[in-house]
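**Q** Each chain, written out:
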Amino acid sequence: DQQVKQNSPSLSVQEGRISILNCDYTNSMFDYFLWYKKYPAEGPTFLISISSIKDKNEDGRFTVFLNKSAKHLSLHIVPSQPGDSAVYFCAARDSNYQLIWGAGTKLIIKP
Amino acid sequence: KAGVTQTPRYLIKTRGQQVTLSCSPISGHRSVSWYQQTPGQGLQFLFEYFSETQRNKGNFPGRFSGRQFSNSRSEMNVSTLELGDSALYLCASSNNNPGVGANVLTFGAGSRLTVL
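Chains as they are written, first to last, in our numbering: chain A, 1 to 111; chain B, 1001 to 1116.
Calculated directly from the structure, the hints in this document are not laboratory data. Among the hints, a few may not be true.
Once the Cα atoms are required to be at most 30 Å apart in a straight line, the calculated DSSO-like pairs of lysine-lysine come out as [claimed, not checked]:
#	chain 1	residue 1	chain 2	residue 2
1	A	K5	B	K1057
2	A	K106	B	K1057
3	A	K71	A	K106
4	A	K68	B	K1057
Chain A extracted, bound-state conformation (with noise of 0.2 Å):
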């Protein structure tokens, strides 16, 4: 069974654009969530993270937005730049510290 699921494969959004990508979860006893993305040929880069005891966490561009109640979390990009095409992984920590990952979302930027 899927605890962390990323039910968009792709995005497309208009650079100045906001970008929303979603993460739906399973495990309320997750404590932290992570977002990493990933450009083809490398290995994922760290972006933010929100503990389960916050609702939202501020990074410049980059904002997430954790809904416990509803097991939901969002990032959010304002204003998309064409750097930000990459596929955007959203992950979960559970009570082992280990982590489990979504499947990704291709988020594309259009000029």
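Fit chain B to the known structure of chain A by using the hints.
**A** Here is chain B on its own, set in the frame of chain A:
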């Protein structure tokens, strides 16, 4: 500070062969994790090593194994290769202080294995 280095970057094997992949973590990082990534799938956790001991293991068959050396470098081995083992194998290191914030992983660029 050098990043996580994985070798080889690309390799082609045939069914039944075995393969060994290598990972050098960031200096000072003692935790090394291995993941398999296939198209349409997230990163599937293989195992984690800390101080030469396997601390966690994912849901992969015994054909997948690994080890960590005293300098924290790690290797993973896949024996009796199958077509379905074709994937990107990613290694990640962390300084692993689980009680302090999220344990952020730093990934290498991966080793892309093709099994024919």
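**Q** Evaluate each hint against the coordinates.
**A** Cross-check of the supplied hints:
1. The suggested pairing of K5/A with K1057/B holds, with an alpha-carbon distance near 21 Å, which does not exceed 30 Å.
2. For the hint linking K106/A to K1057/B, the alpha-carbon distance of about 28 Å falls within 30 Å, and the restraint holds.
3. Distance hint between K71/A and K106/A is fulfilled; the C-alpha atoms sit about 22 Å from each other, no more than 30 Å.
4. Using a Cα cut-off of 30 Å, the hinted pair K68/A and K1057/B holds, with the two alpha carbons roughly 28 Å apart.
Of the numbered hints given earlier, the model fails none.
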